[in-house]
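K.L.:
Mind docking chain B on chain A? Use the hints.
Protein chains: 2
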Amino acid sequence: MGEFLKVVNYKDAIKLIKDNLPLKKTKTVTLLDSLNHVLAQDVVSTEDIPAFNRSTVDGYAVKAEDTYGGSESSPQFLDFKGSLQIDQESVIKINSNECLWIPTGGMLPVGADAVVMVEYTEKLGDDTVLIFKPVSPSENVIQKGEDVNKKQTIFTSGINIKPQDIGVLASVGITSLQVYEKYKIGIISTGDEIVPIEQKPELGQIRDINSYTIASALKKIGNTLRLYPIAKDDYNELKLSIEKALSENDLLIMSGGSSVGTMDLTLDVLLSFEEAQMLFHGVAVKPGKPTMVVKIGDKIVIGLPGHPVSALMMLYILCLPILGVSSINTIEAVIDINLPSQAGRDDFIPVKLIQTESGTTATPLIGKSGLMTLLSNADGYIHIEAEQQGVIKGELVKVYKFN
Amino acid sequence: MGEFLKVVNYKDAIKLIKDNLPLKKTKTVTLLDSLNHVLAQDVVSTEDIPAFNRSTVDGYAVKAEDTYGGSESSPQFLDFKGSLQIDQESVIKINSNECLWIPTGGMLPVGADAVVMVEYTEKLGDDTVLIFKPVSPSENVIQKGEDVNKKQTIFTSGINIKPQDIGVLASVGITSLQVYEKYKIGIISTGDEIVPIEQKPELGQIRDINSYTIASALKKIGNTLRLYPIAKDDYNELKLSIEKALSENDLLIMSGGSSVGTMDLTLDVLLSFEEAQMLFHGVAVKPGKPTMVVKIGDKIVIGLPGHPVSALMMLYILCLPILGVSSINTIEAVIDINLPSQAGRDDFIPVKLIQTESGTTATPLIGKSGLMTLLSNADGYIHIEAEQQGVIKGELVKVYKFN
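Read top to bottom, the protein sequences are chains A and B. Take 1 as the starting number for the first sequence in the UniProt record's numbering and just add one per residue. Take 1 as the starting number for the second sequence in the UniProt record's numbering and just add one per residue.
These are computed hints drawn from the structure, not numbers from a lab. Source: prediction; values computed, not measured. Glycine included, each C-beta is placed from N, C-alpha and C at the ideal position. Everything hinted at is true.
Example chain B residues on the side facing chain A (calculated, C-beta under 7 Å, incomplete):
#, residue
1, L35
2, Q164
3, A217
Only chain A is shown next, with the shape it has when bound in the complex (with noise of 0.2 Å):
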């Protein structure tokens, strides 16, 4: 009863589960839209940015030559030319000692090479301005092109998208780009003691909390799912719950009940599907060692321990990696007590992060470790990683932030 046939180690769990994910779909969605998806597509430029010679301060276009030499007690004076409006080309040629009243993003005017600070200068009577202060050519000044150039390619697919590349897209007229859809996921629970959590337990029972920790931690990354009805410990009814299930999403994560009873028979479930193939069954992690993967056609199926804080922790250190989430907030902190921990096996240690004057102290809450509370409080976890032995007080680990 409840043998592990395939136990894996923890990178090769990652890598079995990444190197068997459906492909990913692509899809055209608007600029705003793109934000935290996977770009699927390279972008090119068709347009140079800025697309003329911009001024970056409001001040005097000039001749940086005809700056030279220009100091407080002694200025440079040169003849006004006029005012440039900020979305105009301008008419004017700036010649030798000509200058022409430019704002912040001005298009630089013909025969202009720089621009001074109105702060370093004074306009005198209506024909006249004082340069204070000498520039050199180009200060002050984006060159078209500078900024993106025509036929460069600005992102290539498999990005990230972050708002300031929707900058980036926006100033070269990006309206819409190909982006890969996030996996659809379903979530089951399973387990005749699991009641819905509007519902009074009896004694021996315990609300569904898997599907909700499950659903909050995948939505927060901005997956889409779907909750199925609690499915009971029956052959039949679990079958006809996860076929429905796997033809409406593109990955399934259950969570099996606490018992191993309920865990063997999800696994006789879905390995009478035909084209099913087990990736493993077990992983040699701490908690969370009842996690088995099962590859169904293309779609995959995940199953979590069902005890919440196992499952939970499995959901941050299995599911996240491979679903993309690489950029775990972490932050180094010094550890305040010795860990053991068994050589072979990957440890996930839920701590408490506590801000010092010499620095960042994370205390281990190595309470009982079926508590929520306790995961609840925590501010992340470390990773003894199976090669080590365990960390040693006053060392310095890897804390992965929950938020």
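P.N.:
Using the frame of chain A, we list chain B on its own:
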């Protein structure tokens, strides 16, 4: 022209806005929808969790004292009294030298005070179980109320709800709760030179980058946004646009074209509203000095610089903190050049992070500050505070990461 009327330092700017923010409304949401919201009530449990003494393993429920002295070579012999189903209350009482099979999550029978893991047992025939390892009282058992106590305040108003909190709430049967509504935020870009992104700019014009970067940075933290049409530098048009946006939102974020003229006009229009009160006009930061905040009635208008890079940086450093995004992802890194900084001014400098063998290095991206591609290429920014005179090559700095 373009004088700053009331320049404040960075800390005061944040405080001034925070002190004048509209009161937050509360709303009732379902448990799953409460994710990433701020709790607006205290939550008190009406139940003990677990509601019964619960086994954390598959094994045999025993009186701990009956297992003392058991070892591989000399096991204890206990009488097997049957198996407990996962969702059932045991009707069998455990007496001395008796044991009962119990699954993980099962309810401890009366008389038992510990559970021996199945790995350390062997069933001998129908009636006897060998115990190869002793357990202490309470071992492998979560006591009734150990996770959550009846009448315990499990969460207090003000916390940001994360997946494991949702787990705790699910465990005690909370299906809906009071959270603070996020602010509705209107976004208006202004300036004669700004054209919609789908339009090809003529010489002197530039696309509306700011609406998209501001909207996506706010969307990323879960805010409700409304984008308004670009407003030209026209007093009446601007006034109508602001009136409409104020009536439909709690906050209004404007970006002011790139010229001082546009900013001056925007300020005039804002101050023309009854009950308008200028909180500040100018912040001693780089980049982004030309930032202003006006309170109109109980609403707040934030005028960001028109320059896209400055506008987005100000959004990150000024707007996100006041919207309660406190736990920005930070990492420590070694700065790889000297960076001087003007005392009395807070400097924010984009950096690229590079992983080296000795740790993480931060390389400031200090080319022309006007380049959005530069910000798109940055991994985060560092903050040189007003009291600091700069940072020195090799110093450890805190990097605020964009992801």
